[in-house]
Amino acid sequence: MNIISGTADSLLGTYRQVAAYRHKVFVENLGWDLHAPDGLEQDQFDRPDTVYVVARDDEGEVCGCARLLPTTHPYLLSEVFPQLLNGAIPPNSPEIWELSRFAALDFNSPNQSPLRQMSSDIAIDLLQAAIDCASKHGAKRLITVSPLGIERLLRNAGFKAHRAGPPIRVDCHLIFASLIEVGEQ
Amino acid sequence: MAILSRDGYIRLTFESFQQLEMVHLFSGIDEDRPIASGVGANSSTITGYTEWVSHGTPAISIGWDWEVTGAQGKARLIQTGTPGSNLMFVDQRGQDLEPAQTTAMLVDWLNTFHWQTETLSTISR
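Sequence lines, in order, name chains A and B.
Under my numbering, the residues of the first sequence are numbered 1 to 185, in order.
Under my numbering, the residues of the second sequence are numbered 1 to 125, in order.
Isolated chain B, as found in the complex (with noise of 0.2 Å):
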């Protein structure tokens, strides 16, 4: 089960987590950093965020960046740098896993489904 608690964190256990649905909010290119061109005419880098959330309240927010690399025409979505989130995952005694921990879990999960999908879709529009 979840709770919100005072400090703002969401907890729960990793195990409780997966059984919820994340469902995409926002996805977008950043439009305040410089785009990088890489050597040769077919490289660039288009960078951007999404984020995702779980129904109801209090709702587990979790947003991470992403950078597209094209080559030869095929864009690609790749996760750069470290998750945000309002969770703190908790063993089964209830007792917090370190928040790096925590972001390195979610990192984990967030690989195991298709976000760039919705997040591709988005953007393209």
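In isolation and in its complexed conformation, chain A is listed as follows (with noise of 0.2 Å):
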């Protein structure tokens, strides 16, 4: 497995090979309800300055991504769910970005985990990939909405991270916020 990480526009063909894999993840494994016409996702949040981590098995297909996004323009989180922010304004900072569209599922292996958006190995390399990537960006922590599952992996992973307030129901998911430190893990 290798991993990388750009714009779309440097990700050059990866992009749409993630959009697709991102429409598979999401919309068919987890049956969010995303507007993906073509059998690819992607959303208002998916700019020209968006960063993607990918991460790609040994014959070149994704079998995993994230997506960055610096707090300074609008991100998932204060557009979509700033009820999971406690009644906090949604950050706005160089050093605060947002981890999104987070997936690590390898559907080209035969031992597929029943946790349906990932197999541990993978994304807990592609998540210190994206902290790393982060980093570079100038983030002193990250920002996620994510299944409450993700609370878990974070937890027994190491990662250093924290609740930013009650999980909420959305279409028969739980989602909450969190806050991952980047730097020392």
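Among the hints, a few may not be true.
[Stated by the list, open to error] Lysine to any residue pairs mimicking SDA-like chemistry, simulated, CA-CA at most 20 Å apart:
#  : chain 1 : residue 1 : chain 2 : residue 2
1  : A       : Lys160    : B       : Arg6
2  : A       : Lys160    : B       : Val90
3  : A       : Lys136    : A       : Thr7
4  : A       : Lys160    : A       : Asp121
5  : A       : Lys160    : B       : Ser124
6  : A       : Lys160    : B       : Glu98
7  : A       : Lys140    : B       : Arg6
8  : A       : Lys160    : B       : Met88
9  : A       : Lys160    : B       : Gly81
10 : A       : Lys160    : B       : Trp64
11 : A       : Lys160    : B       : Arg93
12 : A       : Lys24     : A       : Gln44
13 : A       : Lys140    : A       : Pro74
14 : A       : Lys140    : B       : Asp7
Treat the hints as calculated values from the structure; they're not laboratory data.
With the hints as a guide, bring the two chains together.
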């Protein structure tokens, strides 16, 4: 497996593979109600300045992805889920980046985990790569909207993370906002 | 008094926290985890989660995992793993306790009341 990062422009053809992968994970596998025509999952936060972190298996197939956005511009939590912030104003800082659309499911693996969004090993490596990438862009903290099950993964893998507020139920899924420290993990 | 800090933590002393009422928010069974069968016809493990909050905003949020052990037809819930929360306990001078210490105190706290009753009631519906 290898992990790369960059904007959509710099990733070239890989970006389209990521959008197709996201469709497979979030729309087909998890059943999220997203507008995703032509088998590609993209939204208003997929912008020219958005940074992607992409895991590819040995055959070059995408097996994991993450999206990073600076909180100095609109982001998922600020625009769609501010209620997850427990009454706080959504952060607006070059030192806080949002991590979203995180998935680490290897569809080519014969040993698929019962977790429908990720394989633990890929997830941990991908998350660390996303943290490192965000750090290179000046982030000191990541903020995320995640399914509640991700908290268990973060804890078990030893990442320094805590909740920003209570979880809420959206379309039968429990989601919450989490803050992850960048730097020494 | 609880304070919501810029880093997302709610900071207060453990003594203040103990004065608050935490209410049940959600409980559920893990659908994504395999059910592990133990040795013996009557032994099986079901896992899940339970979420509790304080009243008002900002709300204290605490959640933890549990597993069911069922021997001889009697279900019993036990807490597993480490609770997640937005809490940082502070000492009387307002200094942060370590996250690990906060977590350990939360584990002690959740053993002081019968959360299992509410959780079992919810997942049994």
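Measure nothing beyond the straight line between the CA atoms of Lys160/A and Trp64/B; if it is 20 Å or shorter, mark the hint as holding.
Status holds; Cα separation ~17 Å.
Does the alpha-carbon distance linking Lys136/A and Thr7/A stay inside the 20 Å limit?
It holds: about 14 Å lies between the C-alpha atoms, which stays within 20 Å.
Take the C-alpha atoms of Lys140/A and Pro74/A, compute the straight-line distance between them, and say whether it is at most 20 Å.
holds (18 Å)
What's the verdict on Lys24/A and Gln44/A, does the C-alpha distance respect the 20 Å limit or exceed it?
holds (19 Å)
Taking 20 Å as the top limit, are the C-alpha atoms of Lys160/A and Gly81/B close enough?
Measuring from Cα to Cα gives roughly 16 Å; hence the hint holds.
Can you confirm whether the C-alpha distance between Lys160/A and Val90/B stays at or below 20 Å?
holds (18 Å)
Do the alpha carbons of Lys160/A and Met88/B lie within 20 Å of each other, as the hint requires?
Since the Cα atoms of Lys160/A and Met88/B sit roughly 13 Å apart, the hinted pair holds (cutoff 20 Å).
Sort out whether Asp7/B lies within 20 Å of Lys140/A, counting only the CA atoms.
Between Lys140/A and Asp7/B the Cα gap is close to 11 Å, so the pair holds against 20 Å.
So if I understand the rule, the pair passes when the alpha-carbon distance is 20 Å or less; does Lys160/A with Asp121/A pass?
holds (18 Å)
Assess, step by step, whether the Cα of Lys160/A is no farther than 20 Å from the Cα of Ser124/B, and give holds or violated.
With Cα atoms ~34 Å apart, Lys160/A and Ser124/B exceed 20 Å; violated.
Is Lys160/A within 20 Å of Glu98/B, Cα to Cα?
Holds, because 12 Å separates the two Cα atoms, which is no more than 20 Å.
Pair hint outcome, Lys160/A versus Arg93/B [Cα-Cα no greater than 20 Å]:
Violated, at about 24 Å.
Taken one by one, the earlier hints fail for this structure at numbers 5 and 11, listed in ascending order.
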